[in-house]
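Visitor: Sequence:
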Amino acid sequence: MKSEPDEVSIDHLAARPGQTVGWFGVRNYQARNFMRDAMQIGDLVLFYHSSCAEPGIAGLAEVCSAPYPDPTQFDPASPYHDPKSPADAPRWVQVDVRFVQKSRLITLTELRQYPELAAMRLLQRGNRLSITPVEPTEWAFIVDLMERAA
DNA sequence: GCCAACGTTGGC
DNA sequence: GCCAACGTTGGC
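In the UniProt record's numbering, the protein residues as written are 1 to 150.
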């Protein structure tokens with residue numbers, strides 16, 4: 001899951017251990033579908049810092065709710081307001097996540113150096129999805145990287 | 001700030 | 001249903 005650290009960084013989550021954070025504001029159908037259809041409570045999440053000086057994976061979070069309607073879609077004052085979303089059939093959902101651990105920053109540059117990750121969805125050309133699935137082999141490789149020096 | 005990539009919108 | 005125009009993402 002990508003987040004702009006100016007908005008929500010791994011440190012923000014770490015400052016409130018045990019507290020859940022709603023992952024609101026997803027407004028892309030593919031990303032929504034991953035949340036709605038593929039995520040399970042208890043799933044771990046790679047927390048990625050995007051649109052910043054040093055983009056990369058900064059830690060782990062955990063999915064801790066089922067998908068439920070994102071309230072910001074109905075809030076006219078929100079930048080995520082979607083006037084076309086029907087109240088009786090909300091278009092956008094979110095899940096709650098909570099902090100698991102901070103890791104060393106595994107930068108995008110580093111991630112691109114590993115042939116083992118060449119097929120990773122996050123790294124594909126033109127990928128803009130804020131939520132992408134991670135293959136088990138990629139997951140194992142990255143968790144291992146977290147414990148090694150850069 | 002630039003720009004490639006891609007999604008969405010809306011006229012036809 | 002096609003596709004041009006436009007908007008957004010996000011690395012650089």
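Derived from the structure by calculation, the hints contain no laboratory data. Glycine included, each C-beta is placed from N, C-alpha and C at the ideal position. Take the hints with a grain of salt, since some may be wrong.
Listed next, with one range per pair, are the computed distances between beta-carbon atoms [said to hold, decoys possible]:
| # | residue 1 | residue 2 | range |
| --- | --- | --- | --- |
| 1 | W139 | A89 | 29 to 35 angstroms |
| 2 | A89 | N28 | 17 to 23 angstroms |
| 3 | C52 | D88 | 37 to 43 angstroms |
| 4 | E116 | C52 | 35 to 41 angstroms |
| 5 | K84 | A140 | 37 to 43 angstroms |
| 6 | A53 | A89 | 36 to 42 angstroms |
| 7 | G22 | A140 | 16 to 22 angstroms |
| 8 | V143 | S78 | 30 to 36 angstroms |
| 9 | E54 | P76 | 16 to 22 angstroms |
| 10 | Q40 | Y114 | 24 to 30 angstroms |
| 11 | P76 | A150 | 42 to 48 angstroms |
| 12 | A89 | F141 | 21 to 27 angstroms |
Visitor: Which numbered conditions among the earlier hints are violated in the structure presented, ordered from lowest to highest?
Guide: 4, 7, 9 and 12
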